[in-house]
Amino acid sequence: MTGISSGGATIAEIEVPIWTTWPDQTQALKPIFSKSGASELLFELSQETAMRRPKQFKHLKKAEVKAKADTAAAPEIVYTLETERFNRTWVISANTPQIVPFGQGIYSILGKANIDNYANDFPASYSPGAKAILDFDARAIETKPVYYALKSKGTSIMPYWQGTSSSATTNTTNPVPETWKTCVIIDAENTATTGMRVATANEQNGAYAAPGLQCASYLYAPIGMVFVQSLTALEAAAFEGQPDIKAGDFGALMAMHVNSKETDSWTWQTFYWQGDPSFETNSPGSLEGQPSSLGAPWSSYAMCTAYDQSYDRGATMNLCYNPYLETSPGIPDGIQSNCVSCHGSANVAAQGTENPPSYPSNYDKLIDFGGSEFKGVMKTDFSWTIADQQ
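In this text, residue positions in the sequence shown follow UniProt numbering: the first is 1, and each later residue adds one.
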């Protein structure tokens, strides 16, 4: 994406968030070291970001996929797209050969063939959960920004999170954004950084809306309260089922995971757009507790955190999910989920392993990452990015 609206780092006198300058998932999983030595970085940032449907929407059971294939296919509408961004330390860690005391001795975690070979070579004597890649560097950071398409002129309608009750969504089990009954009208002509309010009846007329939304009530907000980037032609086309979205229209940042290897199980923060405290739901995250120095548009994003599976050794499970991601049917019980339980299950199965762990089926109790279900699999240091390589 180009045409970034708000800041962090400076490139060619344009202030941008630092994570927008990092390699995406396509670039980060390519070899970066030259054969002559480990000091020469070979990657260059592409002009095209590899945007895709969120991975959470792809972890569907085979039966569910087959059921969909057996029904008449309705035209697909893509409401949200994601990319992943990795800092330089993450990329270098992923590229560093891993030296282990078995098999070939040196392994790469880049590429499906390499990671499968790594998993297959672990001796059978290793106990469940003990098979794992080496940890990433403590300075590694991974982000997952998620975008919603808006028109760059006039007004556009986007879903607004108000919780999981039947008054807030048409699907209380999997309340994905297109089922939300409250929507917000974003005014691309208004760059004010405050002013979210209930919309008037006239403001609802003529606003662009993706097909299939379930809006029953409306709020209004200026675009200055939202971080947006201009879409390229390829990015606009990736919003399938929305032919009115063109190059130069906006990708609005609606959600973002941020995780860093500052602890053994990483730190986990997720953000999603709520705009103004007067309208937010305070669950699973909140706008509360923001520093007074936090300016627009970042002050519009609610946050929740998960640094462990539970608050008190399992008596009370942590609840931290992103409404734009974990409400998907690809996440079993996503509206009860937490980041640590989910990402701690990331693994690559050795050949012959039956029923390896995927996304947890529920979050009722602590997951034992050394339990019998982890027999025959190699854990990937909380990284589904490494585990899901194709």
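Do not rely on the hints blindly, as some may be mistaken.
[What the hints assert, rightly or not] Computed spacing ranges between beta-carbons, pair by pair:
#: 1; residue 1: GLN351; residue 2: TYR307; range: 47 to 55 Å
#: 2; residue 1: LYS246; residue 2: ASP368; range: 35 to 43 Å
#: 3; residue 1: ASN362; residue 2: ALA130; range: 56 to 64 Å
#: 4; residue 1: SER292; residue 2: ARG197; range: 41 to 49 Å
#: 5; residue 1: LEU234; residue 2: GLY111; range: 22 to 30 Å
[Stated by the list, open to error] Straight-line alpha carbon distances no greater than 25 Å define the calculated SDA-like cross-link-like pairs of lysine to any residue that follow:
#: 6; residue 1: LYS151; residue 2: LYS30
#: 7; residue 1: LYS153; residue 2: THR232
#: 8; residue 1: LYS30; residue 2: VAL258
Hints are computed from structural coordinates only; laboratory data are not their basis.
Where a beta carbon is used, it is the ideal one built from N, C-alpha and C, also for glycine.
Checked hints:
no.: 1; hint: GLN351 with TYR307: 47 to 55 Å; in the structure: violated, 35 Å
no.: 2; hint: LYS246 with ASP368: 35 to 43 Å; in the structure: violated, 50 Å
no.: 3; hint: ASN362 with ALA130: 56 to 64 Å; in the structure: violated, 25 Å
no.: 4; hint: SER292 with ARG197: 41 to 49 Å; in the structure: violated, 23 Å
no.: 5; hint: LEU234 with GLY111: 22 to 30 Å; in the structure: holds, 25 Å
no.: 6; hint: LYS151 with LYS30; in the structure: violated, 34 Å
no.: 7; hint: LYS153 with THR232; in the structure: holds, 16 Å
no.: 8; hint: LYS30 with VAL258; in the structure: holds, 22 Å
Comparing the model with each numbered hint stated earlier shows that hints 1, 2, 3, 4, 6 do not hold.
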